[in-house]
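2 protein chains.
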Amino acid sequence: MKAEIFSVGTEILLGEILDTNAKYIATELANIGIDVFYKTSVGDNEKRLLDAIDIAYKRADIIISTGGLGPTDDDLTKETFAKYFNKNLVTDKESLENLKSYYKNDYMPKSNLKQVDMPEGSIALVNENGTASGCIIQENNKIAVILPGPPKECIPMFEKQVKPILQQYTSKVLVSKNLKLCGIGESNACEIIKDLMLSSQNPTIAPYAGNNEVRFRVTASGKTKEEAKELLKPTVEKLYNIFNEYIYGEDEQTLQGAVVDKLIKNNMTISTAESCTGGLLASNIIDVPSASKVFLNGVISYSNESKVYELNVWKEDLEKYGAVSEQVAIQMAEGIREKSNTTIGISTTGIAGPTGETEDKPVGLVYIAISIKGKETVCKKLMLQGDRLKIREKTVNICFSNLLKLI
Amino acid sequence: MKAEIFSVGTEILLGEILDTNAKYIATELANIGIDVFYKTSVGDNEKRLLDAIDIAYKRADIIISTGGLGPTDDDLTKETFAKYFNKNLVTDKESLENLKSYYKNDYMPKSNLKQVDMPEGSIALVNENGTASGCIIQENNKIAVILPGPPKECIPMFEKQVKPILQQYTSKVLVSKNLKLCGIGESNACEIIKDLMLSSQNPTIAPYAGNNEVRFRVTASGKTKEEAKELLKPTVEKLYNIFNEYIYGEDEQTLQGAVVDKLIKNNMTISTAESCTGGLLASNIIDVPSASKVFLNGVISYSNESKVYELNVWKEDLEKYGAVSEQVAIQMAEGIREKSNTTIGISTTGIAGPTGETEDKPVGLVYIAISIKGKETVCKKLMLQGDRLKIREKTVNICFSNLLKLI
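Chains as they are written, first to last, in this note's numbering: chain A, 226 to 632; chain B, 226 to 632.
Bound-form chain A, shown alone (with noise of 0.2 Å):
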């Protein structure tokens, strides 16, 4: 059973409108295991409309589209696979019930009677949500899937009118788990586990790079989603063994995230020094809503004096090293820490440029350091690509990895 996804406006052909109605259906799909090939977008035209449907029915069972059901002339994707299909169109009495109660203190234009006139011997989606009922037709093993625009309208016929119909037409369900790695590159932990990707049939392994992290994506089909999930089981461990240290958690945990649970778990409490991050780590550490139980205080040092009265960095240190330095993170990171009485201290300094590079010091240079209490504190040198955005939010990801190691 496959189907092709269609997005039917010229509003999205002009690029005004993101079409999230697409992704949504299509993860809708993914999950009870209907296959989508392609997906195609296509202006207001009947002409080009019927070629569409031509030829998706080549390649696809079902069609499911979104848009074109407004009030106007300009609407006509019902009418357009109506006239495909040879279908007469006829008023359906509860849409029409629906529509009349949705304009029952105002004026209800003529023009949005259209809305409920349906192809002969379809299945009316009433629209809890506005005024364009959808509808779904079946003929000759094509099946027509035809949905309003507004998200707000779509996506709540989809879940509870057309899902339950579209389950009776597959046996299979898809189940995935998402590892998220860091500190390894895409291509190299590809490289590591090629084989095994390769080999991988059911479940399959795909992955994916993010900001300085990986995920692998694990996907079984099985008849129940029981049968899916023990089918998962076997190559989730492998990963695990191969990628163990690089394993940060899954699906919906971030990089943060996790900080933040291990810092808990360990009844720690945090302390930030930023330079070149300025704020970007401590953001991204309270972006976590659990975080209030562990972050404390948080300093951006960003000129020399703020460095010494804030953080007790050495003057005679900045001087001589400059603020870009080993000696000047260290200190940064403890200082922060015995200042806010945490256990961990952490702090970043650099050159994120566009300017600011000297002739030892290149864009790209930072250092961070980690002080925990009662351990020594430990410095990284960094020399990282991007702009200034990009080595910012590189120096916060590669602080993550690095506490993640050492708590």
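Any given hint could turn out to be false.
Since the list gives no way to pick out one identical chain from another, each pair is judged satisfied if it fits inside one copy or across any two copies.
Claimed, not checked - With a straight-line Cα cutoff of 35 Å, these simulated DSBU-like cross-link-like pairs (lysine-lysine) come out:
{"#": "1", "residue 1": "K586", "residue 2": "K318"}
{"#": "2", "residue 1": "K518", "residue 2": "K605"}
{"#": "3", "residue 1": "K419", "residue 2": "K312"}
{"#": "4", "residue 1": "K463", "residue 2": "K272"}
{"#": "5", "residue 1": "K586", "residue 2": "K606"}
Since the hints were made in silico from the structure, they are not lab data.
Once you've looked at the hints, dock chain B against the given chain A.
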């Protein structure tokens, strides 16, 4: 001249990512007057991609494709187009240099080398922000523009390298100017210029809503760039007259950029004291490359204790009014300004959620305060909607728009 947009990648068909590239490219093509009648998404599969290319060239002259240029065997967009056009792949020297410089401090996995192999006779598009070069193939009146998938790589490549080439194929020149407003809502702003928007055909006026800001894009079409620019002027002037107090900049200018520019111009310095925004305010300022001229110091004061020892907030007031209060916001702003010896001190304190609300202090309650040397400190009470990050982002933007008015 008709174009078709291709998005290649199984992750799009599985609904894992939102296709923002396609929207961007559609907008840009509309701007330079190239028609788009279809968009197609297809997975990383040679046979299906070949079929889609075949269909597309029956209805369009140009295919612009994004995605599938990664280093793994999964990524086969360039290879498949090369096959379609019957071209060998050969290493592009400049791309190879770019790749080597990208990995100059790191081990380069061998698989990356395929990212700089280009179809013979094509124009290579060197990637300034990644390792995969794109390319343009021109043959038998068919053009293929092949771009990488990550928006950070795809968009600058299209903007700088592809657009100038595509512009040769169209006789229209479109010129746009974006006017950026803060302190007024989208529907409000649109209502004010409703008639002007309806009556404007060349130039057109299109509104876009952003994060607590509004952008009006004015676009004129002419035979030459100069003609289009002249056509823009009267409408832009009208908008300046109407929205003078709300317009903070044009085109690439950001709200934080406007703040930093104005601070530099007025010879002012700034420091930040953040609670709920947790470093996001400072981080946004420091995002501006010239920020080091004005930003000296910041504190992320998350615990009550640190509000006392870092910012001199009165312990009695913290107990009496709570950390989220006008009194504490004002003391934070004044405390950081005095400590950092800056012209301006700015503070945030609020409840970003999802937890932490009390009976009289709901999620979304935020106080911001701005203390300017020699002036009375200004405090604003905000009631914001959205999730944790949204509330924090809105707070930061409101800080900036208030700052702009006060300096």
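Indices of hints not satisfied (ascending):
The structure conflicts with no hint, since it agrees with every one listed earlier.
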